[in-house]
Amino acid sequence: MKPRSKRLVLLGGAVALLVGAVALVLTAFQQNLVFFHTPTEVAEGKAPTGRAFRIGGLVEQGSIKRAADGLTVQFAITDTAKVIPVTYKGSLPDLFSEGKGAVVQGTMGPDGQFKASEVLAKHDENYMPPEAQHAVDEAQKTAKTVKQ
Amino acid sequence: MIPELGHFSLILALVLAFVQAVVPLVGASRNRLALMAVGRPAAQGQFLFIVFSFGCLTWAFVTSDFSLQLAATNSHSETPLIYKITGVWGNHEGSLLLWAMSLSLWTVAVTVFSRNLPDVFMARVLGVLGCVSTGFLSFTLITSNPFDRLLPGAAQGRDLNPLLQDPGMIIHPPLLYMGYVGFSVAFAFAIAALLSGRMDAAWARWSRPWTTVAWVFLTSGIAVGSGWAYYELGWGGWWFWDPVENASFMPWLLGTALMHSLAVTEKRGAFRSWTVLLAIGAFSLSLMGTFLVRSGVLTSVHAFATDPARGLFILALLVLVIGVSLVLFAWRAPTLSGGGSFGLVSRESALLGNNVLLAVASGSVLLGTLYPLFIDALNLGKISVGPPYFETVFVPLMTPVIVLMMIGPFVRWKGDDGDRILRKVAPGLVASAALGLGLAFAIGHVSWRTVLGLSLAAWVLIGSIQILVQRIADRRGAAPGARLRSIPSSWWGMWLAHLGIGVFIIGVTMVGSLNTQIQVKMMPGDTAQLAGYTFTFRGVKDSPGANYAAARATLDVTRGDSKIATLNPEKRFYQAQQMPMTEASIDIGPFRDVYVNLGDQLEDGAWVVGLFYRPFISWIWLGCTLMALGGVFAAADRRYRRLAEREVPVGAAARQVA
Chain C
1 MKPRSKRLVL LGGAVALLVG AVALVLTAFQ QNLVFFHTPT EVAEGKAPTG
51 RAFRIGGLVE QGSIKRAADG LTVQFAITDT AKVIPVTYKG SLPDLFSEGK
101 GAVVQGTMGP DGQFKASEVL AKHDENYMPP EAQHAVDEAQ KTAKTVKQ
Chain F
1 MIPELGHFSL ILALVLAFVQ AVVPLVGASR NRLALMAVGR PAAQGQFLFI
51 VFSFGCLTWA FVTSDFSLQL AATNSHSETP LIYKITGVWG NHEGSLLLWA
101 MSLSLWTVAV TVFSRNLPDV FMARVLGVLG CVSTGFLSFT LITSNPFDRL
151 LPGAAQGRDL NPLLQDPGMI IHPPLLYMGY VGFSVAFAFA IAALLSGRMD
201 AAWARWSRPW TTVAWVFLTS GIAVGSGWAY YELGWGGWWF WDPVENASFM
251 PWLLGTALMH SLAVTEKRGA FRSWTVLLAI GAFSLSLMGT FLVRSGVLTS
301 VHAFATDPAR GLFILALLVL VIGVSLVLFA WRAPTLSGGG SFGLVSRESA
351 LLGNNVLLAV ASGSVLLGTL YPLFIDALNL GKISVGPPYF ETVFVPLMTP
401 VIVLMMIGPF VRWKGDDGDR ILRKVAPGLV ASAALGLGLA FAIGHVSWRT
451 VLGLSLAAWV LIGSIQILVQ RIADRRGAAP GARLRSIPSS WWGMWLAHLG
501 IGVFIIGVTM VGSLNTQIQV KMMPGDTAQL AGYTFTFRGV KDSPGANYAA
551 ARATLDVTRG DSKIATLNPE KRFYQAQQMP MTEASIDIGP FRDVYVNLGD
601 QLEDGAWVVG LFYRPFISWI WLGCTLMALG GVFAAADRRY RRLAEREVPV
651 GAAARQVA
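Protein chains in written order, with the working numbering: chain C, 1 to 148; chain F, 1 to 658.
Keep in mind the hints are simulated off the structure, nothing from the lab. Idealized CB from N, CA, C, for every residue including glycine. It is possible that some hints are incorrect.
To be verified - Label pairs and their computed distance ranges (CB to CB):
1. C:Gly20 x F:Thr536: 49 to 59 Å
2. C:Ser97 x F:Val319: 33 to 43 Å
3. C:Gly20 x F:Glu78: 51 to 61 Å
4. C:Ala43 x F:Glu4: 50 to 60 Å
5. C:Gly20 x F:Trp239: 17 to 27 Å
6. C:Gln31 x F:Thr63: 53 to 63 Å
7. C:Lys100 x F:Leu312: 27 to 37 Å
8. F:Arg198 x C:Ala14: 21 to 31 Å
9. C:Gly99 x F:Glu78: 22 to 32 Å
Claimed, not checked - Below, computed lysine-lysine pairings styled on DSS-like, alpha-carbon distance capped at 30 Å:
10. C:Lys141 x F:Lys382
11. C:Lys65 x C:Lys82
12. C:Lys115 x C:Lys46
13. F:Lys382 x C:Lys89
14. F:Lys541 x C:Lys100
15. C:Lys89 x F:Lys521
16. C:Lys46 x F:Lys382
17. F:Lys521 x C:Lys100
18. F:Lys424 x C:Lys6
19. C:Lys89 x F:Lys541
20. C:Lys82 x F:Lys382
21. C:Lys115 x F:Lys521
22. C:Lys100 x C:Lys141
23. C:Lys82 x C:Lys115
24. C:Lys6 x F:Lys414
25. F:Lys521 x C:Lys65
26. F:Lys541 x F:Lys563
27. F:Lys521 x F:Lys541
28. F:Lys424 x F:Lys414
29. C:Lys115 x F:Lys382
30. F:Lys382 x C:Lys100
31. C:Lys89 x C:Lys100
32. F:Lys541 x C:Lys65
Next comes chain F alone, as it looks inside the complex (with noise of 0.2 Å):
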């Protein structure tokens, strides 16, 4: 009964996404309010229906109802509470109508916060959400209906994957799908702006926070896969450059680019068009994303439906939204005027070669990501293109964006002297080459790729602390503390997104520089040795957990004379899907990571060990982590909240902030 009620209520939310895709657009072009007004209470009430509807399929999880199909193939009655709960979105439906709560959650959080937009743009905006809802309901309704029943019942479920029954299931799939389907709302705004024909600085003021704030759940969401796979998958890697891995991170590039360019369009009008095929793509790629990794072309963990038609439906959908949105944009772009004009040496400029940049980067990675799929598409035979493509392709396209990313906020906008710049920007250069040599000296690992990851983290972190004493010295005046208080936070949240990135490239260089692992066959008693570290293996013991047999094994690590921790491995046994899995134990430190995993047992009764040391790798999500910190700062700058209630003309707000 409880799975019917859910699966009426998500038909329910569909017709009102319909609605609402439909009745403010129609007003927005006959300037009827009350249409208009449609928009608001519909969006509303589908979040409602599309919450009751999970809420069905959460109750059917937890109380083990195997007379649903998804639950019967997802979970098991002995599977522990937390992860019969993730195994909701554990699987092709049920991340869809996670997906779709997602963009309703967006919807109903844009009918809340933005309630100061004119009523025209408003009731666009809401239609253009309306439409893509519409699209991913009826995508969920027609070809993945997660209320199918499964007739006669299953008595026991087939549970939940083990590599999924883990706590970075519970929150990397909802961050990385907020970050997703957060850049619908960008586009949304764009689209908005171009059926409007106004795309000035107040539209991009609207976007910004939108957009900062989709990006940071994004950032979020790929930098918590990023740590689930180094530990869950036992090879003490933090990224693959999987396509799955890809799909995410296309739509994090150009959505910084994204971020970046409506920083433009809101202080100098300039950019426009460009700032609308920003979002545009962001958008695109997040829906490829979901195509990719949904549609079960890329073999991956990922990957849970195989059926051609859900993968045909998606495509169909996603050449819609493309094809659509750039038809609007060839017809409307004509009429945007260039906007502010800005001289060679200028903050603009800096900002357009890392956009471009940027722009290839993403293209680069979709080239890598697509091609293969291409051709095999066009059975031209089977490829695949591995981390040295992008490895290669990454270091010469991230190098500028990363020298120009500190050069930038010393330049003035629309025009700045070079020698200036150059007077102050070579001293903090020069001491960063030389710091980064010296310091590859001192770790003892000197190749052009560790001096050049050391520099470059140099530069950031040089730059940082220059850009921060300019700021409080441009405050002539006032004492030290009111010139610090009266920085807005905006400008505090670019300086720490700035600051993780120099943290991520230490954490980087570092790991692929000093990184060492072994694999050891030991018996109890033995011991190894890595990067001064030594391993004694203490032997196994059973130890069974709720849904899964597994042996642990105990090594103590001492350094010298000093015990530095005892670590457990497991290698477990999934009884209901008859999986083996390992479980890598992990001693974190703020300098270095230990981490040991379980392989198999041999016939004389020693173990196969495998022993990893990775220094610095946790300054990867310190990183990661400063930069989502920056992005929730930019987002809650005051001037968001207080301009939004009147207009102001453009420059106005670039006098305040700059």
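The shape of chain C in the complex, shown without the other chains (with noise of 0.2 Å):
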């Protein structure tokens, strides 16, 4: 090979390693993306099914109850509109506790429970994690309007 074709094939080698890893990247993208919802958002329906998302949310008061095996743990999600319960198995965040915000992930069931994978709580105790402070923000706001 000349040279010059060796630069070609060189370049060309790189371009398209390129342009493969950066396919990769974006297909997995689009296929891993978890979408956040809101309680009032998922009362009314616009969750995905089979699919996982989040909800945010305050924990309900006198809402934690755990089952007679004492690791499944019943909870619901609020944003002081609507209320959605949720199951979960597994060991809690330190800060999980009734009043306080939450974040869950999972999938919704056909019984209308949503079965979480993973809960998330704050870290200190003047901290709110940002989706579930805008979930409490959201219904708050729509509260408002419809008094008015």
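Could you fit the two chains together into a complex? Lean on the hints.
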């Protein structure tokens, strides 16, 4: 091969590598996005079925219950307007408690129970997960507009 | 009084930073030696003032001076002394001061260890570092003054977040910051080279040890952070693809590419523009990491600030740095000649391939980290990108990187015979694939991920041995001992760091394939089984600490008839912050960790206990340690010290080392 065509092959190879890698990244990205919905949106049926998504809000007062096995936990997430029941099996974050903000990720079951695979809470006493804050803000905004 | 002295000292440091930014750069452009000479004392003076300022802040924390806002919100009189000290950087303002101190330390190190740089070049390097320092010190003083008073003073402090009251806090932030900030030196060298139009082998050689040392710090910082998350967060995981972790991983990936690209620029004069771009990129990503972590846009234990003015300031700084550097690059790059040419099959090609892949990997992390923030900022909804995305992307991107990584050292610079290389590496590759498959069967977990992981690890180990054997065989005539001794330290560095990657892959693959965990409800006397181990729950006792109350459980771990360990996981309650926290207990072994955490107590008196089995997890950190150690060896190579003193034409260094 002449140096010129060698250089072309090298350049072509590098570009092909780049294009292939970028295509891979974008496809994987498309398939693994997790959308966030407020409890109100979920109640209105706007959340996807059969695909994982996140809900954020406050853990409703008096809603945390443990099943007989002591390991499965049931609680409810609310944005102060709607309430979504959640079941979760696994260890809960230290700062997970009633009346505090939390974000859950999982899928909606046919029985209307949200089956969580992951529960996130805040990291210190004066910090609220932005998603949870957002859900509550949205619900309260809507509540105000309705009152007017 | 002491905080005011610290504040005043910090202002003086800013003034000196400004002097260091302006005077040497003006001197360099007018070729005035007297002006250029100002850089060094200004940098050293600045360092002293920042250290004094940092000392004043630490003093306020140690003496529990709660009339200082920062101490009142992040310390407590009952906090153990060591966490009073680490509390200084366990918050936004203090951590910025630590950032500025790291930068100043690096700058002083440049003035001390790179004394042989030409005056003009040194002046420009110090000028650029002075600009960065001016930016960060004014950011600290204007938006995040650590010396703000609280009037009237508080009687008691609110204490440091309990998650941060851990030995990890002593070393993780300083190491990580030294790594982040260290790339500013590589950046300053690149900008100085652009300014002087001098991007040759000498520049690359000056820059290399600095880049490598920064990379060593970053590698260690990330590894310590990962280990800390593993035992502290209590989920038994070691990497979560959390945006904050990603923020440190992106500059690491690009920094790794930069180290290798610098090697090509030094030895062959090629890849110059690419190297400069990588240096700008790695530093920009470090700044962006600081922005992401500190601006409060992310939900994380690392996010202290939620003041939008601060985020905006760092963002403006980031845009300024990237903008100015790229304009400078666009202006100067066309004057660069292409550098050494090389053939299709050559070490340059192998390094180029891996550079492209590492850059794409870094880009993919950037996409996954920033996209949700953009969507949110544009009010298009809220989304998140979880570990599945990163895992899907990283396996196919890193597999060729690791294969090429071990082929590269066999290939000659400039050009080589493809068939010769194939004959050399094919047996090793085939053996690795077979070994990977065999091992997967042996451990009873045959999935494509396990087979691929084990094969890659085998390839790294086999390749490492082969490279070493060849390296010794190449030096014919000498006695074996002398041959070993003649290998330069930088070569050992490369060898160790690459071997470290193999060890790391073993850890990741084994944990990913064989880890198991269960949650059980236990009463005193109950037993549970996991991965061949028997856990006997002995009950829970009160065990108060200095600033917390704790329930401490005792579990005996046995395997067959032999006793393995007694583990004591705790559930703590920190009084000052009214915050509960689980403290896991781990029996660490060379081939497996047994990990226990204590959950809630149920109404019937039983406790929820989490049991985790983590095979080969220590190998992950062992691998990182080898990588960092490799970096130390590479940076300690004698030729950086020797060659710094005299100019050597391009290629001479290559012949010595290759």
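A quick look at each hint next to the structure:
1. Taking 49 to 59 Å as the suggested C-beta distance range, the pair glycine 20 (chain C) and threonine 536 (chain F) conforms, at roughly 54 Å.
2. Range check, serine 97 (chain C) to valine 319 (chain F): about 41 Å between beta-carbon atoms, so the 33 to 43 Å window is met.
3. Look at glycine 20 (chain C) against glutamate 78 (chain F): about 58 Å separates their beta carbons, and that is inside 51 to 61 Å.
4. Distance hint check: the CB atoms of alanine 43 (chain C) and glutamate 4 (chain F) are about 56 Å apart, consistent with the given range 50 to 60 Å.
5. Separation of glycine 20 (chain C) from tryptophan 239 (chain F) is about 26 Å and conforms to the stated range, judged on CB atoms against 17 to 27 Å.
6. Between glutamine 31 (chain C) and threonine 63 (chain F) the beta carbon distance is about 55 Å. The supplied range of 53 to 63 Å therefore holds.
7. Distance hint check: the CB atoms of lysine 100 (chain C) and leucine 312 (chain F) are about 30 Å apart, consistent with the given range 27 to 37 Å.
8. Checking the proposed 21 to 31 Å range against arginine 198 (chain F) and alanine 14 (chain C) shows it holds: the Cβ atoms sit about 27 Å from each other.
9. For the pair glycine 99 (chain C) and glutamate 78 (chain F), the supplied restraint of 22 to 32 Å holds, since their beta-carbon distance comes to about 28 Å.
10. For the hint pairing lysine 141 (chain C) with lysine 382 (chain F), the CA-to-CA distance comes to about 17 Å; that is within 30 Å, so the pair holds.
11. The straight-line distance between the Cα atoms of lysine 65 (chain C) and lysine 82 (chain C) is roughly 19 Å, inside the 30 Å bound, and the hint therefore holds.
12. Distance hint between lysine 115 (chain C) and lysine 46 (chain C) is fulfilled; the C-alpha atoms sit about 17 Å from each other, no more than 30 Å.
13. Proposed proximity of lysine 382 (chain F) and lysine 89 (chain C) is supported: the alpha carbons are some 25 Å apart, at most 30 Å.
14. Taken as a hint, the lysine 541 (chain F) and lysine 100 (chain C) pair is honoured in the structure, with Cα atoms around 29 Å apart against an allowance of 30 Å.
15. Between lysine 89 (chain C) and lysine 521 (chain F) the CA atoms are separated by roughly 12 Å; this keeps the pair inside 30 Å, and the hint holds.
16. With a CA separation close to 14 Å, the supplied pair lysine 46 (chain C) and lysine 382 (chain F) stays within the 30 Å bound.
17. Proposed proximity of lysine 521 (chain F) and lysine 100 (chain C) is supported: the alpha carbons are some 25 Å apart, at most 30 Å.
18. Pair hint lysine 424 (chain F) plus lysine 6 (chain C) holds up; C-alpha atoms about 23 Å apart against a cutoff of 30 Å.
19. For a cut-off of 30 Å, the pair hint linking lysine 89 (chain C) to lysine 541 (chain F) stands: about 26 Å separates their Cα positions.
20. At roughly 19 Å between alpha-carbon atoms, lysine 82 (chain C) and lysine 382 (chain F) fall within 30 Å of each other, so this suggested pair holds.
21. As the CA atoms of lysine 115 (chain C) and lysine 521 (chain F) are separated by approximately 21 Å, the hinted pair is consistent with the 30 Å bound.
22. A distance of roughly 20 Å separates the Cα atoms of lysine 100 (chain C) and lysine 141 (chain C); the hinted pair therefore holds under the 30 Å criterion.
23. Among the hinted pairs, lysine 82 (chain C) with lysine 115 (chain C) is consistent with the structure: their alpha-carbon atoms are about 17 Å apart, no more than 30 Å.
24. Restraint check for lysine 6 (chain C) and lysine 414 (chain F): the C-alpha separation of about 13 Å stays at or below 30 Å, so the hint holds.
25. In summary, the hint linking lysine 521 (chain F) to lysine 65 (chain C) is supported, as the alpha carbons are separated by about 15 Å, within the 30 Å threshold.
26. About 22 Å separates the Cα atoms of lysine 541 (chain F) and lysine 563 (chain F), which keeps this hinted pair within 30 Å; it holds.
27. Distance hint between lysine 521 (chain F) and lysine 541 (chain F) is fulfilled; the C-alpha atoms sit about 17 Å from each other, no more than 30 Å.
28. Our distance criterion of 30 Å between C-alpha atoms is met by lysine 424 (chain F) and lysine 414 (chain F), whose separation comes to about 18 Å.
29. Our distance criterion of 30 Å between C-alpha atoms is met by lysine 115 (chain C) and lysine 382 (chain F), whose separation comes to about 20 Å.
30. Pair hint lysine 382 (chain F) plus lysine 100 (chain C) holds up; C-alpha atoms about 20 Å apart against a cutoff of 30 Å.
31. The hinted pair formed by lysine 89 (chain C) and lysine 100 (chain C) meets the criterion: a straight-line CA distance of about 19 Å does not exceed 30 Å.
32. In summary, the hint linking lysine 541 (chain F) to lysine 65 (chain C) is supported, as the alpha carbons are separated by about 25 Å, within the 30 Å threshold.
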